[in-house]
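S.K.: Respectively, the protein sequence lines represent chains U and V. Residues 0 to 264 (numbering that gives the first Met the number 0) make up the first sequence, in order. Residues 0 to 449 (numbering that gives the first Met the number 0) make up the second sequence, in order.
Think of the hints as simulated: they come from the structure by calculation, not from any bench. Check each hint, because a few of them may be wrong.
[What the hints assert, rightly or not] Here are the simulated BS3-like cross-link-like pairs (lysine-lysine), alpha carbons at most 27 Å apart as the crow flies:
| # | chain 1 | residue 1 | chain 2 | residue 2 |
| --- | --- | --- | --- | --- |
| 1 | V | LYS322 | U | LYS88 |
| 2 | U | LYS105 | V | LYS322 |
| 3 | V | LYS257 | U | LYS33 |
| 4 | V | LYS339 | U | LYS105 |
[Said to hold, decoys possible] From the derived model, a few chain U residues whose C-beta atoms are all more than 10 Å from chain V:
| # | residue |
| --- | --- |
| 5 | ASN42 |
| 6 | ASP70 |
| 7 | ASP77 |
| 8 | ASP81 |
| 9 | LYS130 |
| 10 | ALA156 |
| 11 | CYS170 |
| 12 | ALA174 |
| 13 | THR177 |
| 14 | GLU201 |
| 15 | GLU205 |
| 16 | ASN236 |
Backbone N, C-alpha and C fix where the C-beta goes; we use that ideal spot for every residue, glycine too.
Here is how the chains run, residue by residue.
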Amino acid sequence: MNTMNMLDKTLDTNTTKIAARDVNVYYGETHAIKNVNVEIATNTVTAFIGPSGCGKSTFLRCINRMNDTIDVCRVTGDILLDGEDIYDKRVDPVQLRAKVGMVFQKPNPFPKSIYDNVAYGPRIHGLSKNKSEMDEIVEKSLRRAAIWEEVKDRLDAPGTGLSGGQQQRLCIARAIATEPEVLLMDEPCSALDPIATAQVEELIDELRANYSVVIVTHSMQQAARVSQKTAFFHLGNLVEFGATGQIFTNPEDPRTESYITGRIG
Amino acid sequence: MTDFSPTPDQPAAAQSSLLTLSKRTIQRNAAEKRFKAYGIAAIAVGLVMLLVLVTTIVGRGTGAFQQTFITVNVELLESKLDKNGERNIEDIKRVTTFGYAPLIKTAMQNTVADLGIETSLKTKHMAGLLSKNAVAQLRAFVLENPEKIGETVEFRFLAQSRVDGYLKGRVSRDSIANDKNISAEQLDLVDALVAAGVIEKTFNLDFILGSDASDQRPEAAGMGVSMMGSLFMMLVVLALSLPIGVAASIYLEEFAPKNWITDVIEVNIANLAAVPSIVYGILGLAVFINYMHLPMSAPLVGGLVLTLMTLPTIIISTRAALKAVPPSIRDAALGVGASKMQSVFHHVLPLAAPGILTGTIIGLAQALGETAPLLLIGMVGFIASNAPETIGEGLLSPNSAMPAQIYEWAKRADPAFYERAWGGIIILLIFLVTMNTVAVILRRRFERRW
């Protein structure tokens, strides 16, 4: 790892997109997330790192309320998206998820054609008036996800027939087709080989221009490569949050240092 | 010391050779061989049983698909059938089947005489070779074609069941010693008529399409009407149990909170699947007939009872099919902002459809073969008129069902009915095997792998 480069990483002085205030998450009796406060800026890639079971994925799923589907899960505290509490009673999670897209750990394309995979989101949100507009959205999304060239001749082929890396990029295309403002990625590269990982990482860096990206990753190198800000979670606590360069070169907390040097986790 | 300490004269483990099997390995291999032998033996026993079952059914049942017919020329005497000679249909209708009996007697006598067969039988006994159905058949023909009166027309009448049994080997000269329905002389005549080609055994479509017949004429009985009854019931079962079952499963599997109430419901559904079918029958009798005053013996009631019976099967298989859809698909749909219902109806349900369909077909097949509850609600109607007349009346007119019809036939004393029961079983089995095959093909065809 070239630490010198990381120190040079510029930090854009962006506005806050998402702000978490004293967030606690309980799975039944288990206290999974403890008093987390974090601010995620626009046009920034924020990485969540930490050992397995530290709650980073749980916290990520709180941001678009995917945890609502788990009966025993309970969330307290506030998560503000553009200053609005997403856990407000008046918020419909479906509307929220149109604004906050998500890419999952395992590529999970629908067992439908590549075209339908991408078109599904815009279709249910009524983002296109006719077929040609939809074609445009599909092409734009696939281009942004850097997979257009590979699939443009077989848009009718099933999405499940693609390779793992292609599937994941298809899932990214699907997630950005609805024009979300925030893109959540839960270990998007854990099922991919190094080449596909590199492609996805490059893509994440490009996506930063349009979205706030939050990425959960097990790979510290990946966090260092793609993110501008890094949050280190440990046992449900947010231990340290700051500029990526600083976290990896000069962590304040001894637990962070132990983790990034490989002594815990 | 303990038993585990190695004794000095035994070689240390490190020195054992891979080329010689240790005692434990030999024992383990022997156990595995024994287990495989048990498995093969069990399968062999099952196959033998199946083979015995199938050969018995086919052996005993195929006879029902063939029937003995006697070809006779009948002179339709105007003096007997239409005394006024006006061809007024009302006049012709006034002649009952009794009026037709002499025509048949004469026709039989003439046939025997024309062939030059010597017999000491009286005309009455010659005509006795024919089914009691023959007069009805003759009358029906005349009513339909009054212009034929006065002519001589060739008819193929059913032979009575003893003659039929004689040709099929069910009735022998020894077995008729105490049988009032047929005598040795009559059998002599049968032999002669068979030699002359007047009596022959051919395929009998009426067994498949016809209606039931009274105790006196098993040769005329058929499955057709009860098939219609079963069809109507299956339509009711399909129309009710599929939507109710699928809706209930989707709610329980995808929407219902997981708490003790849903647990209780789940356990109860599993228990309902194990409730003996006759219990559903008595429930149907109490609720649908005694309380709601729906007609007895109606396919609608039968269908309702069988729906109750089929629902647990469909719910259980539908829930299994929904469970088999990977959660990642639901996440993916929710992740792009689909509502819960959209994720279920756009993605989960289409993926679960083959499983749901398979479960439904198997549930229907079960319902099709069910007898006990039908007996309690009287779905054993005796319908002697032919299929086209009962089809129109549909769901509310009394009817029978295939398994109930088989049960009825098996109950009757005449061995000719026994043969028809076996034949009915063949028809029923063909339906069941077809349905199950369709289910298997659907499952194979649409099965998705993730």
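S.K.: Run every hint past the structure and note whether it holds.
M.R.: Structure-based check of all given hints:
| no. | hint | in the structure |
| --- | --- | --- |
| 1 | LYS322(V) x LYS88(U) | violated (30 Å) |
| 2 | LYS105(U) x LYS322(V) | holds (19 Å) |
| 3 | LYS257(V) x LYS33(U) | holds (26 Å) |
| 4 | LYS339(V) x LYS105(U) | holds (21 Å) |
| 5 | ASN42 | holds (22 Å) |
| 6 | ASP70 | violated (5 Å) |
| 7 | ASP77 | holds (22 Å) |
| 8 | ASP81 | holds (17 Å) |
| 9 | LYS130 | holds (19 Å) |
| 10 | ALA156 | holds (15 Å) |
| 11 | CYS170 | violated (7 Å) |
| 12 | ALA174 | violated (7 Å) |
| 13 | THR177 | violated (6 Å) |
| 14 | GLU201 | holds (22 Å) |
| 15 | GLU205 | holds (20 Å) |
| 16 | ASN236 | holds (26 Å) |
The structure is inconsistent with the numbered hints 1, 6, 11, 12, 13, although it conforms to all the rest.
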